[in-house]
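Chemist: Protein chains in written order, with full-length UniProt numbering: chain A, 1 to 464; chain B, 1 to 467.
Where hints are given, some of them may not hold.
[As the list claims (entries may be wrong)] Below, simulated DMTMM-like cross-link-like pairs (lysine to aspartate or glutamate); rule was C-alpha separation at most 25 angstroms, straight line:
| id | chain 1 | residue 1 | chain 2 | residue 2 |
| --- | --- | --- | --- | --- |
| 1 | B | LYS319 | A | ASP268 |
| 2 | A | LYS22 | B | ASP52 |
| 3 | B | LYS267 | B | ASP301 |
| 4 | A | LYS126 | B | GLU411 |
| 5 | A | LYS225 | A | ASP128 |
| 6 | B | LYS267 | A | GLU320 |
| 7 | A | LYS271 | B | GLU96 |
| 8 | B | LYS419 | A | GLU125 |
| 9 | B | LYS375 | A | GLU320 |
| 10 | B | LYS365 | A | ASP128 |
| 11 | A | LYS264 | B | GLU404 |
| 12 | A | LYS323 | B | GLU329 |
No lab work stands behind these hints, which were simulated from the structure alone.
Bear in mind the structure is a predicted one, so any value in this text is a computation, not a measurement.
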Amino acid sequence: MPRISTLNPQLVTELTAILDPKRVLTEREHLLTYGFDGTAALQGEVGVVVFPQTTEEVAKIVRYAAQEKIPIVSRGSGTGLSGGSIPQPNAIVLCLVKMDRILELDEKNLTILAEAGAITQKITEKADTVGLLYPPDPGSMKISTIGGNVAENSGGLRGLKYGITRDYVMGMEVVLASGEVVWLGNKCVKDVAGYSMKDVFIGSEGTLGIITKVLLKLVPRPAAKKTMLAMYATMDAAADTVSAIIAAKIIPCTLEFLDRITIKCVEDFAKIGLPLDAEAILFMETDGHPAVIEEQGKQMEEIARRCGATAVQIAANADEANKLATARRSAFSALARVSPTTILEDATVPRSELTKMIRFIQGVATRHNLRIGTFGHMGDGNLHPTFLTDERNHEEMERVEVAMKEIFDYAIELGGTITGEHGVGLAKKKFLPDAIGNASLTLLRQLKRTLDPDGILNPGKIFD
Amino acid sequence: MAFSTRERSLTDIPSTALKGESKPHHLANLDFAVLQQCIHCGMCLPTCPTYDTTKLERNSPRGRIALMRNIAEGHLDVTRAFGEELYFCLGCLACETACPAGVNYARMFEEARADIEDAGVLRYAKRDFVRAVMLRFIFAHPLALKALGRLLRLYQVSGLEWLVRKLRLTALLPADLRELEPLTPRIQPDFSDQLIGPVESPAKPGYRVGMLTGCVQDLVYPHVNRDTVDVLLANGCEVVTPAAQHCCGSLHAHNGELTLAREMARKSIDDMERAAGSLEHLDAIITNAAGCGSHLKHYDDLLEHDPQYARRARLWSHKLKDIHQWLAEIGITPPQTTGGSQPSTINYQLPVTYHEACHLCHGQKITQQPRTVLKSIPGLKLVELPESTWCCGSAGVYNITQPEMSHRLLERKLDNIAKTGAKVVASANPGCSVQLEAGARERGEALEIVHPITLLARAYRKGGEHS
């Protein structure tokens, strides 16, 4: 149940001295809308929300908070999937969406500089105007902020070939817990002067500093793209296809799969003629030089057929390709149509263990009598088992908890991880010790104490 | 800062000070599945014109739904701030198109506004008066609406309007009315019942359809109704048009008057049954106004608990078709072309662009059919409008209640139209047409705003001349 914390009037006075009072929200009808993000069944208390417009304003707020030891929870568009931006009681919610300028596009050095609140899609579009590409494409890129992507180290559909957000961050401006502002990194491809501190902040989920600007690497936009869908009667055949493609030394930019439940939900939403009787669908994309992708496309089609695909459909044009990509992108939300509560997980295993993991998840669903739709990034082992449930049914929710634990344990057993791209936040906190071990956890804690000795930055996230 | 006034008015009033007496039963009684459907993924945010402007969660569909849930669960009262928020929402339903989880925002929005009206948190004398006159009298009684139309027409053609403007008597009006005065649409001399016979039949009727003439459409664009009938005749449809028609109730439903909306729905069904014998005798019931259509299709939901009307309402919703949708379903008879090397019967010097009415593209998911209609016209060159599905700010009475936001959206729309170079804008909703015409007048731009069906009707007439 959402509650509103009691406001310290002094706090509001101080904040309105730093910011235009219009950018300090205290009205209940505002606060109730900042208590959640994209994570199911998580909600927090909000005391005050502030919208800084400059790094200096952020620094002033942090300096004041540091002095008074008031917690700060930073957030962008609130699309996170691990509860990383769920506010703490009596915290200042620092929302960066009004710092959304793209500051510089450097075609000579292939970089783009943006404020933390810039929308990921706008960065992609900006790069596109000069024939460049910003490859990371998380599912929420239409509204997610780049600062949030870096703080969560977001993945996306193109991870297999292009990597993830971390691989594109060349530098950043960070406001430290003391309120000091530092620049980390630069436009140099090579730079080994000191520790690579920017890497510490990537994926730090707002617990080590507040990222205010980001310098990103761009790559030339591939000249052409081939998109195809392969349908399968068994999940194993789909997995075999992925292994065979990799074994043939082809690295497609996208290798995504949807299981039967997900196929049905996506088709209900997108109506693009997906086969409802297929057990699995592979969505494959290869990009690059037209001649190369022509050849790779043929090879992939052939491999898919050899591995038992019942049909292979190749997008005739960009429009058709776009439709297929949009359908895959909507998988999570489309699953949400089925039942009142949708819990999305992102257990991840080494690619070679994928089939085992998928089969295990199906077993878990049967054993605990649950509905789990699974889709994900087959090329990089990142799965999204999605529980279709109802939070009002407490007995079922308990079974969901047990099932989730079993899935995480098995992922760890296979050499995988509890979260591939959503982060730990609040949702995975209790699973973290088992996943990384005590020695690693101690190291994380030491780092946190060094950078945020008073524990004011997003306290209670990742670990206690 | 454009929104300073509004922000002040929202924050200055303590949210609990004007709390209403009644319990918010509309939202509280909504099926849990409707309220719970939102997974707060945020995919609606970039498509919401109000969020896009303010970047405040509360001004987004996700934020508004969060507030509605809190009200339904008893954690928040129906406050004045909540009321203002729900009237700041355009109800454009762009969020429904963006929502992959299938949230029924329209339903929640109407129930929320009904709670707001019940609670009376927005009440003050002038608003009460205007609502009583407009919703309970003018738009509830067809004759009253027509009488108002006649009066306005008399004012506009008698020279009185000219005199008033010339003498700058409009300066005597209160500022808010003065700004609205130029928005007043031109009322036409003949309304639909004078232009359309009760039953009109083509040479070889293949279908029999009922025709809804609308309210604003009837007063301001009655020729669009005539054109629609002509197009239906050309496509083998016998057309039954009730002479007296009630308002469909969309205005009432969108403004928190669900009881009146149900009354209007029952009357509309009665009107059509009286004219056609029975709904069973019709293949389709046709509307050409997007705003009406979006509401008319939901009579089944609206009257689901009415034992006398529930069945007929289901039949009604089943048969209710937007004109473009119906033509696409039965296959458009292409307008005849004149022979030779010059195939076009209509020679548009400039291209035509298509503005998508929210309640057609978002409310009814009709996007391709109007383009199909336009492309069926020989010689017509359709250029796509950037952000064609972004609201123009008309949004029912939004341009009256929220002039500032409405004007901002109108400017954005006109800028996008200018980018296309088109001087003819096809638009299938009278509200949008009034808004766009007023905007073009204000800018001094010679834009023709025209219903796609009117363009098609012209092509048939032109084709007929040559054949």
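Chemist: Look at each hint and say if it fits the structure.
Modeler: Hint check:
Our distance criterion of 25 angstroms between C-alpha atoms is met by B:LYS319 and A:ASP268, whose separation comes to about 23 angstroms. Of the pairs offered as hints, the one joining A:LYS22 and B:ASP52 holds, with about 17 angstroms between alpha carbons and a cut-off of 25 angstroms not exceeded. Between B:LYS267 and B:ASP301 the alpha-carbon distance is near 16 angstroms, which keeps this suggested pair within the 25 angstroms criterion. Distance check on the hinted pair: A:LYS126 and B:GLU411 sit about 24 angstroms apart at the alpha-carbon level, within 25 angstroms; holds.
A hinted pair counts as satisfied when its Cα atoms are at most 25 angstroms apart, and A:LYS225 with A:ASP128 qualifies at roughly 15 angstroms. For the hint pairing B:LYS267 with A:GLU320, the CA-to-CA distance comes to about 46 angstroms; that exceeds 25 angstroms, so the pair is violated. Restraint check: the Cα-Cα separation between A:LYS271 and B:GLU96 comes to about 16 angstroms, which is no more than 25 angstroms; the hinted pair holds. Simply put, B:LYS419 and A:GLU125 have alpha-carbon atoms about 19 angstroms apart, close enough for the 25 angstroms limit, and the pair holds.
For the hint pairing B:LYS375 with A:GLU320, the CA-to-CA distance comes to about 21 angstroms; that is within 25 angstroms, so the pair holds. Taking the CA atoms of B:LYS365 and A:ASP128, the gap is about 30 angstroms. The hint is violated against a cut of 25 angstroms. For the hint linking A:LYS264 to B:GLU404, the alpha-carbon distance of about 44 angstroms lies beyond 25 angstroms, and the restraint is violated. As the CA atoms of A:LYS323 and B:GLU329 are separated by approximately 24 angstroms, the hinted pair is consistent with the 25 angstroms bound.
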